[in-house]
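Peer 1: From first to last, the protein sequence lines are chains A and B.
Just so we're aligned, residue 1 is where the first sequence starts under the working numbering, counting upward by one.
Just so we're aligned, residue 1001 is where the second sequence starts under the working numbering, counting upward by one.
Simulated from the structure, these hints should not be mistaken for lab results.
Treat the hints with care, since some could be wrong.
Claimed, not checked - Examples of chain B residues lying across from chain A (beta carbon under 7 angstroms, computed):
| id | residue |
| --- | --- |
| 1 | G1015 |
| 2 | Y1016 |
| 3 | G1039 |
| 4 | D1042 |
| 5 | R1043 |
| 6 | R1061 |
| 7 | R1063 |
| 8 | R1064 |
| 9 | Y1065 |
| 10 | R1067 |
The beta-carbon is built from N, C-alpha and C at its ideal position, and this holds for glycine as well.
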Amino acid sequence: MSLLELRYRSVLRLLPASYRAEREEEMVDAFLESAGDAPDEANPRPGWGEIASVLALSVRVRLGGAGAPARFVAWGETVRLVALFGLAYQSLDSVFVAADLIRALVFGPEFVLMGAPGSADRLLSIGVAAAAICWAVAFVAIMRGHVLLAKVTALLGAAPTLAYFVVPAFLAGPRPLVEAANLVFVAVPVIALLLGFHSDVTPWRRPWPLALTPTAAGLALLGTAWLVVWLRPQDAEWLYLWLDLGTTVPVWGVASVVVLARRRSPSWALALAVAGLLVLAARLPMLVNLPEGPQWTTAGAQCVLLGALSLVLAGAGLRGLPRARAA
Amino acid sequence: MFLALTALVDEPRHGYGIVQEVDRLSEGRVQLKIGTLYGVLDRLSAAGLVVLDREEAQQGRLRRYYRLTDEGARALQEEATRMAAAASAATARLRARAAGGAAASLLASIAASLRAGGAA
Chain A
1 MSLLELRYRS VLRLLPASYR AEREEEMVDA FLESAGDAPD EANPRPGWGE IASVLALSVR
61 VRLGGAGAPA RFVAWGETVR LVALFGLAYQ SLDSVFVAAD LIRALVFGPE FVLMGAPGSA
121 DRLLSIGVAA AAICWAVAFV AIMRGHVLLA KVTALLGAAP TLAYFVVPAF LAGPRPLVEA
181 ANLVFVAVPV IALLLGFHSD VTPWRRPWPL ALTPTAAGLA LLGTAWLVVW LRPQDAEWLY
241 LWLDLGTTVP VWGVASVVVL ARRRSPSWAL ALAVAGLLVL AARLPMLVNL PEGPQWTTAG
301 AQCVLLGALS LVLAGAGLRG LPRARAA
Chain B
1001 MFLALTALVD EPRHGYGIVQ EVDRLSEGRV QLKIGTLYGV LDRLSAAGLV VLDREEAQQG
1061 RLRRYYRLTD EGARALQEEA TRMAAAASAA TARLRARAAG GAAASLLASI AASLRAGGAA
C-alpha cells in the first residue's frame, strides 16, 4: 500500500464505519486514479480540498443524508430539532427587544438605548437590538422552508453574543463562566442549524400559525411580565425566575413527560435532552450569585429538574435509536 | 447533479470516470472532489436516478460502474428543457436590448443632425 493510499484511508476514517464498509474501496480507487503517480519519496498527502469534501460527506451522512441508515436519519432529526428549539426560544426573547425598541420610539430612546444620540454606543445598542430581532426572522424562515435566509439571520442574531465573548476574551483573557455558558446556549442551536439543514434535507413548509407561535408566546410572556412588574408582589423575587429563561422549564418539562410517556421518537427525546442541558448550562452559573432563600431554592429546583429529566430523556433516546447497521 | 447525470448518458462510468467527464463537460470549471462525488452519487442513487451497473477489480481495488436509469434520463431531459428555455429567454431579451439600443442611437444621431441643421 502506497503512502498516499495509507493517508487517504486515514482521512476516510472520518466517515461512519457502515459507510466505509460500503464505499471505502471505490473511493480509494477513484482518489488514487485522480491523484496519478505519486511516489512515497515525494511525501504525498491528500489535498485540503479532498479532506474537506470527505468531512462534509461525513457530516451529511451522520446527519441523515440521502440513503443514510435509519440511525443517522434519527440523529439528523435530533440536530434539526435542537436548532428549532434554540431558534424558538431566541425568537420568543426577541419580542422583549422589539418591545423595548417600540418604547424607545414612543417614549424616547433614553429609556432603553445606551449612549448619547449619535454616539457609537447608541449605534451599537441599535445594532444589537436589530440583531436580536433577526432571531424571529430566522425561526419563521426555517419553519417556512427558507433555509438559507434562516441560516444568515441566525448568524446575525448570534453575532453580538459571539463578539461580546470573543473580543473581551482576546483583549483581556478568559471570560466569566456565565458568559461562556451563554455563548454555548446561543451557539449550539446555530451550529445545529448550519449542519443539520444540509442540502439533502427537504425544507419543511410548516403552517404560519406554527411559525409565529414563539412570537405569540413572547407577547403573552411580555404581558405577564409587565403585569408582575406593575403588581410588584411583596417578597416574590423568585417569581421573576419563571419569567426569564425559566419560562422554558415548565414548557420543556411538559413536552419531556409527553415524549417519555409516548415512547415514540428517540429524536425528540434526545433533542429535548440537549435543550434541557443547554438551559441547565445557562442556569447553573446563576446559582453562584443568587442570595440564599426562595430565589436560590427556585433556581436550584429548576436545575435539579433540568438535570434529572435530561438524563432520563437521553437514556430513553439512546435506547430508542435504530440499531447501527453491521459493518 | 446535472453534470454528473449528463456524464452517465452515453455509457456507465466509475467514480473517476465521472470526475473526468464532468471536468470535460464543464471545460474545466467543475472539478469534483471524491467526497463531493460520492455525496452526489448517494443522492442520485437514493432518488433512483442512477444504479450500480457492474463491479470490477482493478489492481486489487474495487471499481463500481454506475449507469443512468430511465427515470434519471427523464429527470435530465426535464432539467435540460428547463435550462434551454431559460437560455432561450435570456438570448431573446439580449437581442431585444441590442435592437433597442441600436434604435435609440439612430434616433439620437437624427436628432443631433436636425439640431446641427437648425443652427446652420
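Peer 1: Evaluate each hint against the coordinates.
Peer 2: Okay, the hints, checked on the actual structure:
no.	hint	in the structure
1	G1015	holds (3 angstroms)
2	Y1016	holds (4 angstroms)
3	G1039	holds (5 angstroms)
4	D1042	holds (5 angstroms)
5	R1043	holds (4 angstroms)
6	R1061	holds (4 angstroms)
7	R1063	holds (5 angstroms)
8	R1064	holds (5 angstroms)
9	Y1065	violated (10 angstroms)
10	R1067	violated (15 angstroms)
Of the numbered hints given earlier, the model fails hints 9, 10; all others are met.
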